[in-house]
Amino acid sequence: DTEVTQTPKHLVMGMTNKKSLKCEQHMGHRAMYWYKQKAKKPPELMFVYSYEKLSINESVPSRFSPECPNSSLLNLHLHALQPEDSALYLCASSQNPHRGTGEQYFGPGTRLTVT
Amino acid sequence: QKEVEQDPGPLSVPEGAIVSLNCTYSNSAFQYFMWYRQYSRKGPELLMYTYSSGNKEDGRFTAQVDKSSKYISLFIRDSQPSDSATYLCAMSEQGGKLIFGQGTELSVKP
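These protein sequence lines map, in sequence, to chains H and S.
All residue numbers in the first sequence are consecutive under our numbering, ending with 157.
All residue numbers in the second sequence are consecutive under our numbering, ending with 98.
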């Protein structure tokens, strides 16, 4: 089973709202990722968690706040977003971050619209 | 120059055709090569994964890596309308992050 699940599927939020995106995997993977994808563009890496610790932050604005409560769960907390943050937010996981096989499995994404 | 170059298309072929998708790259340290398929408004799905050079076949799909030329390919035989999607190549160094191509939009017409 190579399933990564994400909730919600769709989210509409105002610029003053606070919301959270959730991601879950039960493959025993030890690396989890957040990506942002705009239409007709490839995914852009935002954050990497390795063994539940934040290992990479790709200079993402502080209005995005990641959290890894345990090895199966990954959250992305959103606050005071801008309309240009509207995008598909993808979660991914991979088995062993230090081996760097690159074999990442993606979830279906959360389509976020900021009004 | 981008690290990974991929023709965005769109590419339109008739059903049953052989499709060839390609990426070139500049970083000789890349060791892991992947192809993802992404349907509209869905997450990318890992199709093929190759370590270093060589070929890999899975059903109608064949992935080739030529490290000497810094060139990777994905071939789809007997293409079907259900293959219509965007195909993303991706690659990484040991312990490195995935670097994606721009994606090629493929349409297979019945």
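Since the hints were derived computationally from the structure, they do not count as laboratory data.
Since this is a predicted model, take the numbers as computed values, not measurements.
You may find that some hints are simply not true.
[Stated by the list, open to error] If you want the footprint, here are the derived chain S segments under chain H, 3+ residues with CB under 8 Å:
1) 8 to 17
2) 63 to 73
[Claimed, not checked] Heads up, simulated DSBU-like pairs for lysine-lysine below, C-alpha to C-alpha not over 35 Å straight-line:
3) H/Lys80 to S/Lys30
4) H/Lys51 to S/Lys97
5) H/Lys95 to H/Lys61
6) S/Lys97 to S/Lys58
7) H/Lys95 to H/Lys82
8) S/Lys97 to H/Lys61
9) H/Lys61 to S/Lys58
10) S/Lys85 to S/Lys(-10)
11) H/Lys60 to H/Lys83
12) H/Lys64 to S/Lys30
Where is the CB? At the ideal position from N, CA and C, for every residue including glycine.
35 Å limit on alpha-carbon distance, applied to hinted pair H/Lys60 and H/Lys83: Distance of about 26 Å is within 35 Å: holds.
Verdict on chain H covering the region 8 to 17 of chain S, criterion of 3 CB contacts below 8 Å: Answer violated; 0 residues pass the 8 Å Cβ test.
Proposed proximity, H/Lys61 with S/Lys97 (alpha carbon, max 35 Å): violated (41 Å)
Proposed proximity, H/Lys61 with H/Lys95 (alpha carbon, max 35 Å): Holds - the C-alpha atoms of H/Lys61 and H/Lys95 are around 22 Å apart, at most 35 Å.
Hinted pair S/Lys85 and S/Lys(-10), Cα distance within 35 Å: holds (15 Å)
Satisfaction of hint between S/Lys58 and S/Lys97, Cα-Cα up to 35 Å: holds (31 Å)
Hint consistency between H/Lys64 and S/Lys30 [alpha-carbon to alpha-carbon, up to 35 Å]: Distance of about 16 Å is within 35 Å: holds.
8 Å C-beta test of the region 63 to 73 of chain S against chain H, three or more residues: With 0 residues in contact (Cβ-Cβ under 8 Å with chain H), the coverage given for the region 63 to 73 of chain S is violated.
Pair hint H/Lys80 and S/Lys30, alpha-carbon separation not exceeding 35 Å: Holds, because 12 Å separates the two Cα atoms, which is no more than 35 Å.
Restraint check for H/Lys95 with H/Lys82, where alpha carbons must lie at most 35 Å apart: holds (31 Å)
Agreement of H/Lys51 and S/Lys97 with the hint, judged by alpha carbon distance not exceeding 35 Å: holds (29 Å)
Pair hint outcome, H/Lys61 versus S/Lys58 [Cα-Cα no greater than 35 Å]: Not OK: H/Lys61 and S/Lys58 at ~43 Å, beyond 35 Å, violated.
Of the numbered hints stated above, those contradicted by the structure are hints 1, 2, 8 and 9, listed in ascending order.
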